[in-house]
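Asks: Construct the complete structure from the given sequences, taking the supplied hints into account.
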Amino acid sequence: MHFAIEPILALVIGILILLVPRFLNYFVAVYLIVVGILGLMHHSL
Numbered sequence: 001m002h003f004a005i006e007p008i009l010a011l012v013i014g015i016l017i018l019l020v021p022r023f024l025n026y027f028v029a030v031y032l033i034v035v036g037i038l039g040l041m042h043h044s045l
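First residue of the sequence shown: 1, per UniProt numbering; consecutive thereafter.
Bear in mind the hints are in silico, worked out from the structure with no lab data behind them.
Note that CB positions come from ideal geometry on N, CA and C, so glycine has one too.
Incorrect hints may appear among the rest.
[As the list claims (entries may be wrong)] Here are the in silico distance ranges between beta carbons for each label pair:
{"hint": "1", "residue 1": "E6", "residue 2": "Y26", "range": "16 to 24 angstroms"}
{"hint": "2", "residue 1": "G39", "residue 2": "V12", "range": "28 to 36 angstroms"}
{"hint": "3", "residue 1": "I37", "residue 2": "L11", "range": "13 to 21 angstroms"}
{"hint": "4", "residue 1": "I8", "residue 2": "H43", "range": "15 to 23 angstroms"}
Replies: Dropping the structure here:
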């Protein structure tokens, strides 16, 4: 079973930003780090 984590992560972070807008910078930073790590892992395989 294969599913893309990026759209799910983007959806969750989008909802959290709507609920807690003052944490926008943290959510964006974590999202970028996770997407970057996943991209590097996928690229190295």
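Asks: So, against the hints stated earlier in the document, which numbers end up violated here?
Replies: 2
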